[in-house]
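Knowing the structure of chain A, use the given hints to seat chain B on it.
Protein sequences, first through last, are from chains A and B.
Heads up: the first sequence runs through residues 1 to 556, numbered per the working numbering.
Heads up: the second sequence runs through residues 1 to 745, numbered per the working numbering.
Mixed in with the good hints, there may be bad ones.
[Stated by the list, open to error] Taking lysine-lysine and the DSSO-like style, the derived pairs with C-alpha atoms no more than 27 Å apart in a straight line are:
id : chain 1 : residue 1 : chain 2 : residue 2
1  : B       : K231      : A       : K210
2  : A       : K338      : B       : K17
3  : A       : K184      : A       : K286
4  : A       : K550      : B       : K152
5  : A       : K478      : A       : K184
6  : B       : K624      : B       : K478
[As the list claims (entries may be wrong)] Label-pair restraints from in silico Cβ distances:
id : chain 1 : residue 1 : chain 2 : residue 2 : range
7  : A       : L38       : B       : V543      : 28 to 38 Å
8  : A       : V291      : B       : T483      : 25 to 35 Å
9  : A       : N545      : B       : I30       : 26 to 36 Å
10 : B       : I48       : A       : Y215      : 41 to 51 Å
11 : B       : T678      : A       : E137      : 28 to 38 Å
12 : A       : S213      : B       : I30       : 45 to 55 Å
13 : B       : I48       : A       : P324      : 27 to 37 Å
14 : B       : E66       : A       : Y215      : 11 to 21 Å
15 : A       : N85       : B       : L518      : 25 to 35 Å
16 : B       : D588      : A       : L44       : 41 to 51 Å
17 : A       : G86       : B       : T678      : 29 to 39 Å
18 : B       : L526      : A       : N85       : 37 to 47 Å
By construction, these hints were calculated from the structure, which means they are not laboratory data.
Using N, Cα and C, we set each Cβ at its ideal position, and we do this for glycine too.
Next come the chains, spelled out residue by residue.
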Amino acid sequence: MNLRQQTREWWQSGNPWIWLNAGAVSVSVLMVIGLLLLIMVQGLSYFWPADVFDARYQEADGRIVRLIGEITDSETIPVARARDNGYTLDEGTGQITRYVVKIGNRDIYGADFKPVFAPFLIDITYPRDLIVGERREWGNFYGYPLRLLHDGKVVAEGEAVPAALAQALAHVTDLFEQVEGLRKHDIGKINYQMERLRLERRRLELDGVKDPSAYADIERRKAALQAEYEKLNARIAELGRELNRDSLIIRIQNDQEMTIPLAKIVRVYYPNAMSVFAKLGTYFSKIWEFVSAEPREANTEGGVFPAIFGTVLMVLLMAVLVTPFGVIAAVYLREYAKQGLIIRTIRIAVNNLAGVPSIVYGVFGLGFFVYFLGGNIDALFFPEAQPAPTFGTPGILWSSLTLALLTLPVVIVSTEEGLSRIPRAIREGSLALGATKAETLWRIVIPMASPAMMTGLILAVARAAGEVAPLMLVGVVKLAPSLPLDGNFPYLHLERKFMHLGFHIYDVGFQSPNVEAARPLVYATSLLLILLIVLLNLTAIRIRNRLREKYRAMEH
Amino acid sequence: MTDVRTPRQLMMWRMFKDRLARYMVVFGGINVIVAVILIFIYLLYVVIPMFRPAEIARVSTYALPEQARTLALSLEEQATMGMQLLDDGRLRFFDTQTGEQVGEARLPIPEGVRIMSVARGDPASNVFAVGLSNGQAIVFRQGYRVSYPGDKRTLTPFVEYPLEGNTPLQVDEEELPLDKLAVQLDEEQATVAAQTPDGRVLLVHAAPGESLFAEDEGWSVTRYEVAHSGKPVLRLLLDKQQRDLFLAREQGIVDFFDISDWDEGPDLIQQVNIVPPGRTLTRIEFLTGDISLLVGDSQGTIAQWFPVRREGQRVLTHIRDFDDFTSPVKDIVSEYQRKGFLATDAQGRVGIFHSTAHRTLLVERISDRPLLQAALNPRADAMLLLDDSQAHFYRIDNEFPEISWSSLWGKVWYESYPEPQYVWQSSSASNDFEPKLSLVPISFGTLKAAFYAMLIAMPLAIMGAIFTASFMSPRLRKVVKPTIEIMEALPTVILGFLAGLWLAPFVENHLPGIFSLLILMPFGLLFAAWSWRMLPDRIRHRVPDGWEPVLMIPVVVLITWVCIAVSPSVEASWFGGDVRVWLKETLDIDYDQRNSIVVGLAMGFAVIPTIFSISEDAIFAVPKHLIQGSLALGATPWQTLVRVVLLTASPGIFSAVMIGLGRAVGETMIVLMATGNTPVMDFSIFEGMRTLSANIAVEMPESEVGSTHYRVLFLAALVLFALTFIFNTGAEMVRQRLRRRYSSL
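Chain A on its own, in the form it takes in the complex:
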C-alpha cells in the first residue's frame, strides 16, 4: 500500500476523530494541571527569599541609574514595544526580555516595581551584605545596612550591624507584641464593655426606668472601666516609648540614607548571604506568618488568618444548620411522603435548585434574612441599639443561613440517594421483627445511610467554602475589626461581619490600590483555598467509595 492509500483508509475508518477526541481529553487534563501548577508556582514562590542584585541601568533617556532589587517576573516582548517606550535598539533584534524588578522602598520611590529591559542592565552584582526587610508600612526595603541607633546614638556600625540588629529586633518585636496584645485584647474588652453599658443605659431609658440608683450603678461601672482604660493606656504609652528607641539606617539605591524605626520592621534577612537551608527557614517562617498573622497594608501584606478563621467558622455554622434540615427533608421525601406526582415534582424542583445561581440566593438572603428577619429582630430585641442595626445588617449568621439554603439541595439529594440504596430486605426484616417505623429508621436506616449524609455534607461544605458571590451581599467585608469569636460574652458574635478567603482574593486582586504588589499574595491565598477544597472533596470521594464497597457486600 502506498502512503496515499493508507492515508485515505485511515481517514475513512474514522480513526482521526477518535484521536481528536483523545486530544480533547489531553487538552482538558492539561488545562487542569496547568492551572494548578500556575497557582502553585506563583503562590509558593512568593515566600522564597530571592537573591537581590545591585546593578546599573541605562534609562530610556540615556541616564545611568543604580538599581537594587529582585527580579519577580520576566517576559519576552517584541522590540517594537520597547522602542515605544523610548529605548534605542537595533532594528535587527526581534524580541527582547523585560524584567519586572521589585525595588521596594515605596515611601521613597513611589512605586514598588520597575519594568526593566534586560540589555540595559549592566554590572550586576550580588553583594552579601544587602539587606531586605519587611515593614509594617510601605512594603519592603532594600539597601545596605549602615548603622544601628539606640536613642539616637550609634550602637553598631558596619560589620557589627547584623548581630546587633537581630538582637534589637527580637526585643522590639517582643515589645510590639505586648503593645498589640494590650491594645487588641485588653482595650478591646474594655471598649466592648463600655458599649454594653451604653446600651444598658439606653435600654433603661427606653423602659422608662426612673430609679436613679440604676443609672448610678451604670455610671460607677463605667468609671471603673474608664480608670482601667487610663491605666492600660499609660502602660501602652510607656511601652511605645521603649519601642521607638531603636532605629536602623540603611543606604538605598540612590545612595540616600534612610532611617527605619525598628518598631516598623517585621523581619530582615540577607538573601545573598544565606544558604539554602537558611532560606528554607525564612521560607517556612514566612508561610507560617501567612497562615497565622493578621493582614497588613490594606490586606496586601501579612497573613490571612482572620480570613481562614472566618471561612471555617462560617462553614461550620452552615454545616450545623444544613445537616438536620437536609436530612429531615430527605427522610420525609423518601420514607414518609406518598410517592406520586407531587413528590416527583418537588424532587425535580429540589434538584433544580442546586443549579440556581448562587447570586440569586445572595439576593434572597439580603432581602429576606438581613432586611426582613434581621430588621424585625432588631425592632423586637435590640431597640436600645437603634438606629444602628444589630442583626439588620449583613453578618455571619445570615451568611451561613444563606449558604445553608444554597447547599440544602446537595444534602437532600445525597441523603436521598443513600436512603434509596438501602436494600428493601433490611427494612422489611426490621419491621418484621416488630420494630416501629421510627425505630427502623433511627436504628437501621439512618446509620446505614450516614456515610451518604456525610458525603453530602462534605460536598456542601466544599461548595460553601468556595462560594463568594452571595457572601458579598450578606456578610463578608474586606477587613473585619474583630473576629466573630472572642473572649467577650457571649463569645460567639453571630451579628458580626467576617472575612473570607474567597472574598479576600477578589478584594485584594481587584479592589486594592497596589494590585501589582498584592498579586503573589492572592496566588498564595488561592492555593490555600484550593487545598482546603480539594481536601474536602477527596474526603467526600473516599467516603463515597467506602460506602459503595459496603453496599456491594450487602447485596450478595
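Only chain B this time, still in chain A's reference frame:
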C-alpha cells in the same frame, strides 16, 4: 432492660414515639420544602409592587376662599401646607387637610396696577414671577422654614425677592401689560420672558455685574425683543439652564429659540407644529429637567417632545403619546424628582403618568367639573386639585412608576438620546437623572458570555467525554475522570482572578498566539495522529489501546508552546508589532483587555467539568450489548460510536449541555472579574459585557432598600432564576425520558 413499665405501656410509648417521629419528620420536611419555595415567592413579593398601578385616596374636599381667583398653587415637601397665589397679589397659606388659612403675605404691587400673568421657575427653586399691567414683573421666591419646637414639625412660610430687593423688574420699557410670562432664576443668572398685548415677546436676562463692589451694578441686565411671527402666544417656556425658549401658540405652532448666547441674542432653531391637525393646544409644560415638553391638546392627548440632535442641529421631535383622556387637557404638573407627571382634563379626571416607562399609572374621575388646576408636593405623594368651586386633597401611593414592560425590555427613547435604545444606567450624580433600567443589555451580556463559554467548553467537554467513556483504558479513566471532576469544585473566584489578572494580560500580549492556537490545535492533533499511524507497527503496538491521550500530551504541549513562542514574531512581522493598534487602525475594532475571549476561556473552563461529567455518565451508561452488537455486525468503532452510542446517549449529552449552560448563565465571580462590566450591546469578541449576575453583585450593595433600583435588581435575580430553572428543568425532563428509554433496552 431495667424498664419497669409493663409491656403494654412500653408498646404505647413506642407507638407514641413512632407517631411523634412521623409528625416531626413530616412537619420538618414540609417546612424545608416550603422554605425552598419561599425563595421564589419572596423574589416575586419584592418585584410585584413595581407593576402595580398607582393608588390615590381622598383626604378631604373643601372650598378654598376666593378659589376662582387662584393664579398659582403649590404644596410644601410633606403636603401639610399649601400656597394659593391670588390675582390681587396676596399669597394665602392654608392647611391642606381643611383649607383653613394659616398665614398670608402680600406682593409689593404698586397702586392701580393689576396682575396680568404668573410664571413659575424650576419647581425645585421655588421661584415665581407675576407680570403686571405696567410692564413690570415681580420675581419672588416662596419657601418654608422648618423648625421642631417640642418635636413637632412647624412650618413658617416666607417670601423673598432675590432680584434687587423688592423693586419690580421693568420688563417692557413701553409699560404695556405683560400678558404672558416665563421666569428662571439660579445662583448665576435670571431670565424673564414676557409677551405684551401688541404681540411683542421680550426677553430680559440679568446676571451679577462685572464689578462686585459697585452697588448699582449688582445685576447687569440685557434685553432683547424676540423676532417671531407676531401671532399671539399661549405659553412661554424657558428651561432652567436658561438656554432654550419655546413660544407655544394655540394652533400648535411652537417656535424653538436658542437663547444661550447673550451677545448674539435669541436664535430661532425651528418652528414646528406639535399638535395633530384639527386639534388645539390646551396646555404645555416642561417635564422635570426641562428637556422634554409635555403637550396637552383639545382631544385629551398628551404628547412628549424633546430636542434631538440631528446633523449638528437640535430638532424638536415627537417621542410618545399618552391617549388616556378624551376631553381637553386642563393642567399638567411635573413631579419634582422623577420623570412622572400628573394631568387633569375637562371632565374632571386626573391621570398619573410616567414618561420614560410610557406608563399610565392611574386615571380616575375626581369631580364632575373640569379640574382647572393641580399641584403636587415635592415627594409626589399628595396632590391638590381645583375645579371651579372645590379643592380636592388626595394622597398618592405611587412608588415605582419607572417600571413597565417597555422600559425593561423595549427600546426606549431617553431624553437627549438620538434614537430609542436599550440602555442600563441605573444611577447618576444629577438629581433629575432619567434612570435607564433596560434589562436587555445585561441579559444580552449574560447570553453573550455564556455563548463564548459554551463555544470553548462544548467541544472539549463532549469530545473528551466521548473518548473517556468509549475508548479510554479503565486504568487511565480512573485517573482522568476525577481529575476533571474535581475542577468542578474549584472556587470560581480563583478562576475569575486568574482570568482577570493573569489570562487577560497574557491574551493581550499573545493575541496572534491565542488565535493560532485555537485554529492550529485540531489540525496539529490530526497531523500527529496521522504521523503516529504512519509509524512502524513495532512502535505503535507498544502503546496499548486507550492510552492515546497520554501520547497526545506532548503534542498539545508542543503546539501550545510553538504558538505562544512565535506569537511575538508574528505580531512583529504581520501586525506592525502591536495587534491592538492594528485592529483599531485597520479594522476599526476596539480592544478591551478583559474581553469575551478571556471570559469564554475562563468560564468555559468552569463548565467543562459539568458537561464532561454528565455526558460521560450518559455515554458510559449506553448498554454494552448495543455496542457489541454493532461491532459484531462489522461496524468500525467510530461508526458504532456515531450511529449507536451517541444516538442513544444524545438526550444525556443534551441535558449536560443545558446544565452547563445554566451554570454559565448564573456564574458571577468570573464575569465580575474577567469583564470590564460595561453594559454594552456588542457582539465583538474583543469587547466585554456586563451580565445579570455581575450587575447584581456590583449594584446591590449600593442600592437603597425598597427603591425601584433595588426591586429591579430583584427582578434581575428573578430572571436569572427563571432562566436557569428553565434550562435545568429541560435537562431533567430529558434525563427522565432517557432513563425510561434505557429501561426498555
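A quick look at each hint next to the structure:
no.: 1; hint: B/K231 / A/K210; result: 77 Å, violated
no.: 2; hint: A/K338 / B/K17; result: 21 Å, holds
no.: 3; hint: A/K184 / A/K286; result: 23 Å, holds
no.: 4; hint: A/K550 / B/K152; result: 76 Å, violated
no.: 5; hint: A/K478 / A/K184; result: 19 Å, holds
no.: 6; hint: B/K624 / B/K478; result: 19 Å, holds
no.: 7; hint: A/L38 / B/V543: 28 to 38 Å; result: 29 Å, holds
no.: 8; hint: A/V291 / B/T483: 25 to 35 Å; result: 27 Å, holds
no.: 9; hint: A/N545 / B/I30: 26 to 36 Å; result: 34 Å, holds
no.: 10; hint: B/I48 / A/Y215: 41 to 51 Å; result: 49 Å, holds
no.: 11; hint: B/T678 / A/E137: 28 to 38 Å; result: 35 Å, holds
no.: 12; hint: A/S213 / B/I30: 45 to 55 Å; result: 52 Å, holds
no.: 13; hint: B/I48 / A/P324: 27 to 37 Å; result: 33 Å, holds
no.: 14; hint: B/E66 / A/Y215: 11 to 21 Å; result: 58 Å, violated
no.: 15; hint: A/N85 / B/L518: 25 to 35 Å; result: 30 Å, holds
no.: 16; hint: B/D588 / A/L44: 41 to 51 Å; result: 45 Å, holds
no.: 17; hint: A/G86 / B/T678: 29 to 39 Å; result: 32 Å, holds
no.: 18; hint: B/L526 / A/N85: 37 to 47 Å; result: 42 Å, holds
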